[in-house]
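Asker: Starting from the known structure of chain V, fit chain P onto it as the hints suggest.
Those protein sequences? They're chains V and P, same order as listed. For the first sequence, our numbering begins at 1 and goes up steadily by one. For the second sequence, our numbering begins at 1 and goes up steadily by one.
Since the hints were derived computationally from the structure, they do not count as laboratory data. The reader is advised that the hints may include incorrect statements.
Said to hold, decoys possible - Derived lysine to aspartate or glutamate pairs resembling DMTMM-like cross-links, with alpha carbons at most 20 Å apart:
{"id": "1", "chain 1": "V", "residue 1": "Lys222", "chain 2": "P", "residue 2": "Glu326"}
{"id": "2", "chain 1": "P", "residue 1": "Lys239", "chain 2": "V", "residue 2": "Glu300"}
{"id": "3", "chain 1": "V", "residue 1": "Lys239", "chain 2": "P", "residue 2": "Glu295"}
{"id": "4", "chain 1": "P", "residue 1": "Lys91", "chain 2": "P", "residue 2": "Glu79"}
{"id": "5", "chain 1": "V", "residue 1": "Lys239", "chain 2": "P", "residue 2": "Glu300"}
Number of protein chains: 2
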Amino acid sequence: MSEAYRHSRPIWLDNDVKVVKVIDQRCLPHEFVVSDLKTVGDVVRAIKEMVVRGAPLIGVTGALGVYLATLNSPDQTIENDYLIKACNRLKSARPTAVNLKWAVDRVLERILAEKDDDKKIVAARTEAAKIAEQEVENCRKIGEYGFRLIDEIRRRKSNQTVNLLTHCNAGYLACIEYGTATAPIYAAFEKGIDIHVWVDETRPLNQGARLTAWELAKHGVKHTIVVDSAAGYLMQRGKVDMVIVGADRTTYTGDVANKIGTYPVALAAKDNCIPFYVALPSSTFDWSLRDGLREIAIEERDPDEIRFIHGLNEDQRTSVLVPAAESPAKNFAFDITPARLITGLITERGICKATEQDIRRLFPEK
Amino acid sequence: MSEAYRHSRPIWLDNDVKVVKVIDQRCLPHEFVVSDLKTVGDVVRAIKEMVVRGAPLIGVTGALGVYLATLNSPDQTIENDYLIKACNRLKSARPTAVNLKWAVDRVLERILAEKDDDKKIVAARTEAAKIAEQEVENCRKIGEYGFRLIDEIRRRKSNQTVNLLTHCNAGYLACIEYGTATAPIYAAFEKGIDIHVWVDETRPLNQGARLTAWELAKHGVKHTIVVDSAAGYLMQRGKVDMVIVGADRTTYTGDVANKIGTYPVALAAKDNCIPFYVALPSSTFDWSLRDGLREIAIEERDPDEIRFIHGLNEDQRTSVLVPAAESPAKNFAFDITPARLITGLITERGICKATEQDIRRLFPEK
Numbered sequence: 001m002s003e004a005y006r007h008s009r010p011i012w013l014d015n016d017v018k019v020v021k022v023i024d025q026r027c028l029p030h031e032f033v034v035s036d037l038k039t040v041g042d043v044v045r046a047i048k049e050m051v052v053r054g055a056p057l058i059g060v061t062g063a064l065g066v067y068l069a070t071l072n073s074p075d076q077t078i079e080n081d082y083l084i085k086a087c088n089r090l091k092s093a094r095p096t097a098v099n100l101k102w103a104v105d106r107v108l109e110r111i112l113a114e115k116d117d118d119k120k121i122v123a124a125r126t127e128a129a130k131i132a133e134q135e136v137e138n139c140r141k142i143g144e145y146g147f148r149l150i151d152e153i154r155r156r157k158s159n160q161t162v163n164l165l166t167h168c169n170a171g172y173l174a175c176i177e178y179g180t181a182t183a184p185i186y187a188a189f190e191k192g193i194d195i196h197v198w199v200d201e202t203r204p205l206n207q208g209a210r211l212t213a214w215e216l217a218k219h220g221v222k223h224t225i226v227v228d229s230a231a232g233y234l235m236q237r238g239k240v241d242m243v244i245v246g247a248d249r250t251t252y253t254g255d256v257a258n259k260i261g262t263y264p265v266a267l268a269a270k271d272n273c274i275p276f277y278v279a280l281p282s283s284t285f286d287w288s289l290r291d292g293l294r295e296i297a298i299e300e301r302d303p304d305e306i307r308f309i310h311g312l313n314e315d316q317r318t319s320v321l322v323p324a325a326e327s328p329a330k331n332f333a334f335d336i337t338p339a340r341l342i343t344g345l346i347t348e349r350g351i352c353k354a355t356e357q358d359i360r361r362l363f364p365e366k
Numbered sequence: 001m002s003e004a005y006r007h008s009r010p011i012w013l014d015n016d017v018k019v020v021k022v023i024d025q026r027c028l029p030h031e032f033v034v035s036d037l038k039t040v041g042d043v044v045r046a047i048k049e050m051v052v053r054g055a056p057l058i059g060v061t062g063a064l065g066v067y068l069a070t071l072n073s074p075d076q077t078i079e080n081d082y083l084i085k086a087c088n089r090l091k092s093a094r095p096t097a098v099n100l101k102w103a104v105d106r107v108l109e110r111i112l113a114e115k116d117d118d119k120k121i122v123a124a125r126t127e128a129a130k131i132a133e134q135e136v137e138n139c140r141k142i143g144e145y146g147f148r149l150i151d152e153i154r155r156r157k158s159n160q161t162v163n164l165l166t167h168c169n170a171g172y173l174a175c176i177e178y179g180t181a182t183a184p185i186y187a188a189f190e191k192g193i194d195i196h197v198w199v200d201e202t203r204p205l206n207q208g209a210r211l212t213a214w215e216l217a218k219h220g221v222k223h224t225i226v227v228d229s230a231a232g233y234l235m236q237r238g239k240v241d242m243v244i245v246g247a248d249r250t251t252y253t254g255d256v257a258n259k260i261g262t263y264p265v266a267l268a269a270k271d272n273c274i275p276f277y278v279a280l281p282s283s284t285f286d287w288s289l290r291d292g293l294r295e296i297a298i299e300e301r302d303p304d305e306i307r308f309i310h311g312l313n314e315d316q317r318t319s320v321l322v323p324a325a326e327s328p329a330k331n332f333a334f335d336i337t338p339a340r341l342i343t344g345l346i347t348e349r350g351i352c353k354a355t356e357q358d359i360r361r362l363f364p365e366k
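Extracted from the complex, chain V is given alone in its bound form:
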């Protein structure tokens, strides 16, 4: 445990740079477990089983997975075919988050430019590290831009508490540092703004209740957990000033795939004239997609994630079955929030409307 607490990041390389270390996010907040990932198979499993989760972190984990592939080539030389196969395995671990594909392809491309095997290995590690540092810097900038929105609400409310609402965990645990949705929150907190965060528990895996609440508590940010379906009620009663969520994939027209339940929160925000912002690094854009509803593949996961709930019982992590054993369930992991419901996107290059025109204004090279 002591080892883990030394690291404020959810992923890092061991001292011998041969093992990827990750916080097992399934065990939080009740237990702090660090897992070793030594092979591509380990990485695929960690992503699939949500030992790691969150679009930016999945991207960095995938990138380090390519690096592990270069370390563990079964042949004497690192064949391109072998590498490409390993990358395809990595990319298929989770279908919705676009960062995974983006990061894996970026490292692969970098390696393919090298001839020498040793150079390939170093190139992979360096590129993965670059991606990680870039995501940290992106999140820091998202915090700076998003802070201005919160500060504007503070001014309008004459320094009364600013109430934010977030869904799932788009905190540093989902990223590397700062988080995406939480970056403006942490920035506002550090600048002394009186903020309070409503944390959707985020069924089925309760990332809000388990991870976001834990993160916010560690930082000392006031917060309250509510059931996901209470977000609408809070807004009806004027208890929310602004919503900030993360994203798993965003079309160039501004449609956002994010954790299941984001869409109803956006509907409620719209119905109550509350600003609804999505915070995302540019790695979360999918520049090939125009229509989120038609074109983004939504992952369907094991129904037991709904039927069984994990938590603490007499100091032991365990799970309980909620419905009758034979009751069937279906587990859709994401939904699509159409651009028309989104007030704006907070990116590392600034804030834009969720429209093709305004997104391209910030990213003219795409």
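Answerer: Then chain P, alone, in the frame of chain V:
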């Protein structure tokens, strides 16, 4: 257990008519426990702790609570003051469901018209039984009227599966027989329509996953549990033909207080042009209220209902703590669905729009 299974109703009088028996709905579906209610205090606790829940059932339980009060008068005669105090205790057990107040006041009024103590006791029992039978008949009629809506969808879909979605449990467990939201579903099922029901798990107490799924399974109705926040996604994908929910209190203008999360389901239905119906007996109308958002008191319950989740672990009913022990939560039990989001109300007198004019057309005497 054998005793319990003899009864298809969630409440009944013991053979000696001195004890009210109820199914303890907190234990379902994993255990079938019958509780004895012998005093007003027992009834208040059973309602508060949700041993019984659901607007019509709470009403009947309250009515039988008044009967128990007449049985257990501490004085030699049943004083009016004593009765009124007992009724006030009963009515305050849960603030949102209007049926409780309605049923308790109705039995009280009936008793106050009697002089003789023995007659008071019989009058109370008879009036409570009358209310129960009337609710059964109301639910049967709601089923008949609501069936026509489902049958119309079946016709339009050329006999393809009709997909319904419901939130919480407005089944026979919440009523006496048939249920409110489930009455049209059972009617359609019995007439051979191919139906499938999406069951919102309904956090925090999971009445959908625990009770509705269990009820539907017992009847053989096809169903699938989803997390509450997936209702929007299902609608985005065209997987829902109609929503039916129950109600805890309805204004004469058609605003509906119902289990937390009903409002976001209604928003999603509106956004996807899916009919959203509320099934309710007339006892659920509050004829004194015009504006649901301003005038309906919303109960706030123990946050531990969110933080701890109950279920089965190694054949034992137990609970797990999901967030960190020190994480705060807030537990709002209901929300308000504004009339503008409701396609229609299904009552025992027929279907009407959620408007004052159309509601008064069905209930001209109010």
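Asker: Does each hint fit the structure? Answer for all of them.
Answerer: Results for each hint:
For the suggested pair Lys222/V and Glu326/P, the alpha carbons sit about 12 Å apart, so the restraint of at most 20 Å is met. For the proposed pair Lys239/P and Glu300/V, the alpha carbon gap of about 15 Å is at most 20 Å, so the pair holds. Of the pairs offered as hints, the one joining Lys239/V and Glu295/P holds, with about 17 Å between alpha carbons and a cut-off of 20 Å not exceeded. Between the alpha carbons of Lys91/P and Glu79/P the distance comes to roughly 18 Å, so the proposed pair stays at or under 20 Å and holds.
Of the supplied pair hints, the one linking Lys239/V and Glu300/P holds, its CA atoms being roughly 15 Å apart against a limit of 20 Å.
The earlier numbered hints are all upheld by this structure, with none contradicted.
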